[in-house]
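Q: Residues per chain, in single letters:
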Amino acid sequence: MVREQRDFLWIPTFAVLVAFAVPWPLWGVDLIVAGLPVWIWWHIAWLGLCTLLFTRFVRSGAWERGMGLHASSSPAAESASEPFGRGDEP
Amino acid sequence: MTLGLSLGVVVGYLVIALAVGLVAYRVSETTAEDYYLANRSIGTAVLLFTTFATLLSAFTFFGGPNLAFAAGPEWLIVMGTLDGVLFAVLWYAIGYKQWLIGDRHGYVTLGEMLGDRFGSTGLRALVASVSLLWLFPYVMLQQMGAGEALVGLTGGAVPYWGGAALVTAFMILYVVLAGMRGVAWTDTIQGLFMLSVVWIAAVWIVSAVGGVGAATGAMLEARPEFGSFGGGLYSPGFIVSTAITIAFGVTMFPQINQRFFVADSGETLKRSFALWPVLVLLLFVPAFMIGAWAAGMPVDVPDGANVLPVVLSEYTPAWFAALVVAGAMAAMMSSSDSMLLSGSSYFTRDLYRPLINADASERREAWLARIGVAAFALAAFVASLFRPGTLIEVGDTAFSGFALLALPVICALYWPRTTRSGMIAGVLVPQVAYLAVVLSAVASAVPTLPRTVAGGWDVALGLMVLSAVLTVGVSLVTAPTAESDASRFAVAGD
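Quick mapping for you: the protein sequence lines, in order, are chains A and B.
Per the numbering used here, the very first residue in the first sequence carries number 1; after that it's consecutive.
Per the numbering used here, the very first residue in the second sequence carries number 91; after that it's consecutive.
With the rest of the complex left out, here is chain B (with noise of 0.2 Å):
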C-alpha cells in the first residue's frame, strides 16, 4: 500500500513533468538557438527558478543535510556564502558581460564565445572538451543520487540500478522532447515545488519535536561541538577553499554558464542578481537545519543512507516523505536535463560542426544533439553503477575540475590584452594538473596525490591560481594573433 502510493507520487511528478516538456515543444521552432536557449527569451521568475533549480542537485539536497548531520551546521554557512553571495557576485561580473557579449554576437557557448574573440578552434574545442569532461562525473552524481533514493523510499523493492536506469531514461526521453524551453518551465515548476515542500517538512518536523528551541538543545546534547562556529571538518581553510571553488566552478557549469545566455532582457538578470541572496537562504535554511537538527534526534541513520528520508520518515507519514523524494528527483531531474541539454551544445557546436562537419544542417545538428544526449547519460549510467564515491567527493571533483576554468574566462572577459596562447596555456596545464590528482586516486599503479594541504586547503585552489597566474604571464611574452579581435567583447558604446 505504502509503496504504491510512493511509487504513485514520483511517477506522476514525472508525469507533469514530461507533460510541460511537450506543451512546450509545441510553442518552440526548431532551431538550434530555440532548442537551446529559448530564442533568449527568458524572463525575471523563470530565469530565477531555472538557475535555481539547476544549481540544487542531489549534491545539496542529499549531499548538504548528510554533512550537516555528521559534520555539524555550519555547512549552512559554507553553501550560503558561496551560493548565495559570491556566486551572485560573480552572475553580474561573468554573467552580465556574457549576456551583453552574447546579445550582440548571437553566441550560443563558452566555447563559442571564446573561440569567436580569440580566432581558435582549438580554444573552442579545448573548452568545450574540459567542460563535457566534468559534466560526466556530475550527470553521474545525479543517477547515483536518484538510485539511491528510490531504493530508500520503497525499502529496496526498487534496485539501485532500477532507479538510477528509470531516471536515465526520463532524462533522456525529455531532453530529447523539448529543449531548453521546457527544461526552463519544468525548473520553475520543480524549484517552486521544493521551496514550498522543505519548509512544510521543516515546520512538521520541528513541531514534532517541541520547536526550534527543544531541536536544537536536543542536538547540543548529542553533539556539543555543533553550537560553536568552526572545529572539525571546518578549518578556515577548507570554508575557504570549499567557497571559492564551488562558487567559480558553478559559474563555468554548462548548464549555468548557458543561462547567463537565455535572459530576455538585462532587466531580467538585474531582479534575479538582487533576489538571489533571499532565495538560497529559504532554501538552505530548513533544509540543513533538518540535516543538523537529526544529530539530536532518536533517528537511526543506516551507513551511507540518506539523512532528509529516515527523518521524513519518521515524523511525517509516507505520502509526504514520498513527496520530499520526489522533489529531490525533481531537483536531480532538472539538474540532469539541463547539463546533457548544454553538453549536447557544446558537443555539436564547439566539436562536431568546426572539426568535422561544418556543413551540417541544422536539423541534422538537432538530431545529433539527440543522440549525443543519449549517448552521454547511457554512459554516465553505466559509471554511476561503480559508485567510485559519496555524492559530495563526486560533486566536488566535478566543481573544481571547472573552477580552473573561470579565472582564465574573467581574465578574456576584461582584459583586452589576453591573448590565445595565455588562455591555452592557462586553461590547459591546471586540468592536466588536476586531472592528473584526481585520476591518482582511482589508479591503483601510481601514488595517490594529496587533495587538500595544510589542515583542509584544496589544491584546486592553488590550481586556479596557477591557470590566472599562466593566462596573464603568457598573454605578456606572447603577441595577439591575426585572426583574435579584442573588439568582440567590448560592450560600451554603441
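Extracted from the complex, chain A is given alone in its bound form (with noise of 0.2 Å):
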C-alpha cells in the first residue's frame, strides 16, 4: 500500500514525454538533418527516450505502487519503504 512521494513524480513525467512527443518548438523549422527533418529525428530520440523512461517505472517499482499494490519485482524499494521489515515475522 506504501506510495514513494516520489512516485508522484511519475505523473507530471509522463505528461511531459505525451506533450513533447510532438515536437512543439520545432514547429515551422525546415532544417535537414542527415537525410531527414530534424523534427524527425526529435522524436525518433524523443520515443527512445520514453522507452528508457517506462523501464524506469516499471523497474522502481512504481508500476505496482502506482495501483497500490507491493511492488513484486524489487525487494530492495519494498523494504526501504517498510520500516519494520518482513524479515521479523517468522
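The hints are simulated quantities; they were obtained by calculation from the structure and are not laboratory data.
C-beta: ideal position from N, C-alpha, C; glycine also.
Stretches of chain A that chain B covers, calculated by requiring three or more beta carbons in the stretch to come under 8 Å of a beta carbon on chain B:
id	stretch
1	10-22
2	26-32
3	37-44
4	59-70
Pair by pair, the computed Cβ-Cβ distance ranges are:
id	chain 1	residue 1	chain 2	residue 2	range
5	B	G98	A	A15	48 to 58 Å
6	A	A15	B	G322	22 to 32 Å
7	A	I32	B	V472	43 to 53 Å
Could you fit the two chains together into a complex? Lean on the hints.
A: If you want it as C-alpha cells, here you go:
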C-alpha cells in the first residue's frame, strides 16, 4: 500500500513525455539533418527516451505502487519503504 | 505469370494462417474463457505482437502512407505520439487496472466488468451495443482495404467485391475454428512478418533512389512544405484532437480492450509496456516515410489508389510487391479476426445471455458466438460494397465513437463515488450526439453537422469532455444504487 512521495513525479513526467512527443518547439522549422527533417529526429529520439523512462518506471516498482500494490519485482524498494521489515515475522 | 505468382503468395499466406489456427484449436479447451482469452495465458512476446498486429490495419498500412504522401510526413508524429506514447500510458492506467480487476473476478468483457460493478444489466448491454455499433464500420474498413489491395495487386483481374468476399470468407472460417489462441499466434507471425517486410521494402526503395538524403531531397523539390513541421492539414488542433481521440478510442476497441484481460501475469503487461514506443517507431518510420518520399519519386499514383503498392511495383520485383501486399492483408485479417471474435463475445455474454437466455449452455453460447461472427462479417461485407468513404474517414469515425467511452470508464476505474446514473448519462448522451453528427453526413434530409471546428479541432474531442463532465456531474447528484459495489474495482490489499 505504500506509495512513495517521489512516485508522484511520474505523473508530470508522463504528461511531459506525451506532450513533447510532438516536437512543438520545432514548429515551422525546415532544417534537414542527416537526410531527414530535424523534427523527425526529435520524435525518434523522444520515443527512445520514452522506452528508457518507461523501463525505469517499471523497474523502480512504481508500476505496482501506482495501483496501490506491493512492488513484487524490486525487493530493495519494498524493504526501504517498510521500516519494520518483514524479516522479523516468523 | 506475374498474376499467378502474386496470387500464389497471398493464398500461401492464408493457408499458413489457417494451419496455425487449426493447431491452436487442437490444443485449446472449448470453454468460453479459452475461446476468448486463451485461458489468460498469453506471454510477453505474443501479447506484444497480438496487440501490435491488431492496431495495424488498413488504416495504418494503406491509410497512413497515403496521408503522408498527400499531406506530408507529420502523420508519423501524430501516429507515433498517439500510439507510441499516449496509448502506452493508457495501457498502464486502463489496461493494467483492468487486468488486475479481471484477474480477481474473471471478467471477459468491458461490459461485464462495468455491469457487475454497478449492478446494472442495462449498463452492460449499453456498453456492448455501443462497442458493436462502432465495430461495424471498422470491420468494414478492413474489407474495403482488402478488396482494394487485391485489385491493385492483380491489376483488376480480381474485382473489388471478389477480394473483399475472399477475405470475409477466410475471416469467418478462421475465427470460427480457432478462437483467441489461434488469433494470438497468427498475430505474432504477422507482426514479425510485417516489421521485416516493411524494412526490407524501405531499404530496397531508398537504395534504388540513391539513399535517404536523395529521397528527402527529391521530396522537398516536389513539395517544399513537407520539410517544415506543421502547416496545411496539420494544424495544432488537428494534431492534438486526432492523437487524443484515436489513442483513447483504441483502448476501448473490443479487440484491444480484451487484450487487457489476456496476459498471463502482470510481468507480461509491464514488459510489453516498456517496449511499446520502440516497436511502434520501428514500423511507422519506414512505412510512413515511404509514403512521404513517394511525393518526390517519378511515380504516377492514380486517384484513389494506395501509394505503397504503386511505389513497390516501381522499385521492387513483382514477387516482393506481392509479399508486402500479403503483409498488409495479414494486418487486415488479424485486425478483423480479433474484432469479430471480441465482438462475438460482447454479443453472447453482454447481450444474449443477460437479456435473452440466461441459462444457455456453454456449448450453445460457443455456437451462437460463431453464428454471430458469420452474420456480422457478412453484413459488414455487404456494407463495404457501397464504399461510403476513404479508409481514413471510415476509420476515424470508428475511433472517435469508441473514444467517447474512455473517460466514463476511467472514471469508474478510479473514482469509487461514480454511480450507475452517472455512467449511463456519460456514455449515452455523447454517443447520441456523435451519432447525430455522423448520420447527418449520410442522410440527405438533414443539414450536415460539422465534424471539426475552429481550424481542425474534432467535435469528438468536445464530446469526450462532455462525457467526463456528465459522468462526474450526474454521479455527484445521484446516490449509488444498492446493487452497485465499488469494492469490485478495489485492487489494493489482499
